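K.L.:
Residue strings, one per chain:
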Amino acid sequence: MPVRESTDARRATPPLRVNGVDHPIDLARERSLLFVLREELGLTGTKYGCGEGECGACTVLVDGVAVRSCTTSVAEAVGRSVTTVEGLSHGEMLHPVQRAFVEAGAFQCGFCIPGMIVAAVALLNRNPHPGVDEIRAVMNGNICRCGGYLRIVEAIRSVGGPARTESEAPR
Amino acid sequence: MNPSPAGLPYDLAPAEERDYFARLGPGLVMVLPPRPPGPSGWGAGGPPHGGAWIHLGEDGRARAFTGKVEVGQGTRTALSLLVAEELALPLAAVELTMGDTDVSPWDMGTFGSRSMLDVGEHLRATAAALGDLLRELAAPALGRPVSELELANGEVRARGEARGPSVRYGTLARGLRRIATVPATVHPRGPAEWQRAGRPTSNLGAIEVVTGARQYASDLRLPGMLHGRILFPPAYGARLRRIDLDRARALPGVTVVREGDFVAVAAPDPLLAGRALRALAAEWATEPQPSELEIVEYLRRHPAEGEDFWDVVHYTVGDVESALARAPVSLRATYTTAYIAHVPMETHAALASWEGERLTVWVGTQTPFRARESVADALGVRPADVRVVVPPTGSGFGGKHAHDLAIGAARLARAAGRPVRIVFTREEEFSHAYFRPMAVVEIRSGAELDGRLTAWQLHDLNAGSAAARGPYRVPNQRVENQPAESPLPQGSYRALAATANTFARESHMDELAARVGADPVEYRLRHLEDERLAAVLRAVAERVGWRPRAVPSGPAAPPALGRGVAVGLEKGGRVATCAEVAVDEARRLEVRRIVTGFECGAIVHPANLRSQVEGGTVMALGGALFEAVHFAGGRILNPKLSEYRVPRFRDVPPIEVLLVDRRDLPSEGAGETPLIAVAPAVANAIFDATGRRLRTLPLAPDGAVP
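Those protein sequence lines, which keep their order, are chains Z and A. The opening position of the first sequence corresponds to residue 1 in my numbering, with each subsequent residue numbered one higher. The opening position of the second sequence corresponds to residue 1 in my numbering, with each subsequent residue numbered one higher.
Hints are computed from structural coordinates only; laboratory data are not their basis. Keep in mind that this is a model prediction, so the values were computed, not measured. The C-beta atom is built at its ideal place from N, Cα and C for all residues, glycine as well. Treat the hints with care, since some could be wrong.
Per label pair, the in silico range of CB-to-CB distance [as the list claims (entries may be wrong)]:
#, chain 1, residue 1, chain 2, residue 2, range
1, A, Gly356, Z, His23, 46 to 52 Å
2, A, Glu355, Z, Glu92, 45 to 51 Å
3, Z, His23, A, Arg650, 32 to 38 Å
4, Z, Val132, A, Ala557, 37 to 43 Å
Facing chain A, a subset of chain Z residues (Cβ under 7 Å, in silico) [to be verified]:
#, residue
5, Thr44
6, Cys112
7, Arg157
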């Protein structure tokens with residue numbers, strides 16, 4: 001990932017939009033999008049798992065595309081629209097993918113699940129009816145150490161074309 | 001968080017001195033006192049453990065307490081179901097507090113597949129006694145003898161009179177402050193009568209999981225909290241030669257602690273904590289350490305002697321030496337497994353906070369009460385002044401038994417006068433936790449010409465005793481294990497020794513069957529002593545349409561296809577696994593199908609049991625196929641997820657699970673035993689496909705069969 005020069009910080013930076021809310025961001029210090037989400041904005045649904053983009057626990061949507069927030073500099077995300085797992089549900093209204101995970105019982109310890117759900121939302125936005133092979137290929141970057149892969153595939157397969165909410169629709 | 005008790009932690013106070021009612025409101029409390037451990041097995045010789053208490057309040061809800069923890073294995077739901085069952089309450093009316101040392105019964109730890117067996121039974125008995133008490137209290141109000149009353153949906157009523165008069169639990173509990181002890185005569189319902197347990201149920205907490213609202217230890221935050229880092233040596237055996245504490249201390253808001261070999265820093269944010277750690281400019285003196293190339297010899301030359309290893313088996317029956325000497329068929333082989341890592345998705349995390357003399361540590365641990373002891377000991381305070389709370393934890397697999405992080409956070413928090421949280425980086429998790437021990441298992445066997453086993457000698461080096469004794473009928477046996485001085489830190493792991501010993505035994509049985517021209521399934525059935533295990537093996541053979549064979553299917557036109565089977569009886573669970581593999585011209589291995597049959601008595605929570613078996617199979621495939629920790633010079637060479645491969649979506653074949661529900665038998669654990677037959681089933685399938693016998697795990701480290 002390219003690292004922005006510190007001179008960028010002195011320019012007027014656009015805010016970071018997270019789940020529809022704008023946050024002013026100080027770019028003087030280089031840090032990851034994951035760090036800002038968890039430590040500065042208190043959005044702890046997005047998890048740290050490896051710090052090198054290998055496990056997918058930190059997956060968020062940036063302009064509707066699934067990215068690894070641990071290897072994404074916050075400087076790359078400002079001015080864009082970020083959706084975390086917290087932005088998928090609205091009050092008691094779960095996103096269809098979240099509902100599918102609940103119904104399939106697709107979790108054990110649950111730690112990987114926010115990243116799984118966000119990655120699945122991105123997949124289903126591109127292709128509302130993926131086959132098992134496509135699901136396995138696209139989701140291969142997300143690790144569930146409890147080994148719940150079969151249930152997760154079942155959950156994603158059971159989503160019959162998710163209704164898009166405003167916050168995750170590509171702009 | 002709930003406040004601390006007014007007096008001592010509950011497990012350290014007599015029942016009548018616990019502030020149950022101040023904390024939970026008026027009502028009834030049923031207490032099952034801790035029981036002394038048996039003369040052998042887990043916890044032998046230790047303090048009384050287990051026990052349970054359940055509070056029933058004026059709101060008619062049951063609040064149960066256990067020292068076990070939930071790390072993803074689903075026992076929160078399964079244990080709650082047992083309480084709901086005995087009290088005839090909806091699952092939503094049961095609250096289970098797990099792993100809070102201030103209010104939970106003392107518990108050894110969540111390991112060894114003990115939760116259902118121990119705490120499940122304790123909670124059933126306690127809830128059943130509470131149910132009996134409710135019927136006694138209701139008898140005068142309903143004007144009927146206790147024997148005619150039943151519990152139904154939070155009410156007591158006359159048996160079979162659904163529309164007759166009834167009284168709600170909450171009404172019976174109103175204004176009471178009554179503590180009762182479970183009588184010896186209590187009779188929980190038998191599984192055959194279960195209405196709630198044993199039926200499809202979702203795991204509790206699903207909404208919090210899918211919305212990201214569930215707070216794991218690494219998510220917790222307190223006002224003024226600092227972020228801690230511990231200084232670790234770059235290699236095992238390295239000693240600190242020089243360190244500069246002043247430069248780190250000069251950084252804004254940074255606290256540095258040095259107590260003997262323990263050096264750690266805390267800072268207002270994690271990035272600054274990392275800077276402070278580097279500012280220490282630690283210099284180390286390293287010393288030579290064994291590398292993995294020489295590890296088998298190293299372990300053989302370094303038996304661990306004279307320590308208090310409880311995990312040792314020395315089992316002898318008959319005269320194995322003379323039986324081996326007489327046997328017309330004999331075989332000798334050595335099987336090894338690698339050091340592997342737990343790789344919990346949530347790395348170790350602890351948050352410590354002092355209030356005056358009292359310390360609270362929130363930590364993802366499988367052993368909260370041992371953590372309390374260790375922290376109190378290290379910090380020089382009374383155990384009663386330490387509270388350990390286990391929040392939801394992002395898996396453990398036996399890897400979260402150590403307490404360095406809790407101790408480190410507590411020391412930093414005391415020095416800084418503020419709460420401190422430490423979360424391991426993934427690299428720290430790989431390098432500074434501990435591993436599943438490497439195993440070297442040697443088997444010598446003897447049989448008659450017709451294949452009947454006459455002699456069996458198994459020697460396990462460094463893994464442990466679990467499943468070392470097999471399920472087969474052999475008149476002359478010697479089974480033993482020898483702990484070793486491991487150059488890598490090693491410890492508990494989901495099904496650790498059982499995996500190694502079952503891999504060795506079930507591979508060896510396959511070798512024997514091939515030697516005497518017997519079918520692998522028939523050969524096992526011929527020797528199995530346990531009818532429950534035989535039934536599971538038959539069910540699996542039937543499901544896969546096993547065709548008896550006396551010799552391996554052998555290489556045909558590539559890819560070579562093969563099928564292998566293995567069984568195990570461990571921790572009360574019976575497992576049989578069949579694997580189907582394909583090996584292509586380039587010797588690339590593909591596992592195409594796994595069928596596992598499992599029986600662990602009465603099934604409490606069927607969906608979760610299926611999840612455990614599926615997930616355990618996936619985890620076992622990692623260790624069977626490719627997982628291995630590489631090391632040299634005291635350093636871990638692959639301490640990253642990009643370098644240490646764990647199973648991913650595309651590694652998982654179709655997995656079929658056959659569950660045998662024995663409502664006539666007590667419920668046993670299921671977290672470990674479903675793993676143990678996977679590796680030998682795959683190795684035996686590779687043998688069937690190719691005629692090549694692999695005796696080393698992992699079987700295909702780079703995707704190909706060696």
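K.L.:
Please go over all the hints and tell whether each is borne out by the structure.
P.N.:
Okay, the hints, checked on the actual structure:
1. A:Gly356 - Z:His23: 46 to 52 Å: 37 Å, violated
2. A:Glu355 - Z:Glu92: 45 to 51 Å: Once the Cβ atoms are compared, 36 Å apart, the range 45 to 51 Å for Z:Glu92 and A:Glu355 is violated.
3. Z:His23 - A:Arg650: 32 to 38 Å: Holds - the Cβ-Cβ distance for Z:His23 and A:Arg650, about 37 Å, lies within 32 to 38 Å.
4. Z:Val132 - A:Ala557: 37 to 43 Å: 27 Å, violated
5. Thr44: It holds, given that the least Cβ distance between Z:Thr44 and chain A is near 4 Å, below 7 Å.
6. Cys112: 5 Å, holds
7. Arg157: 13 Å, violated
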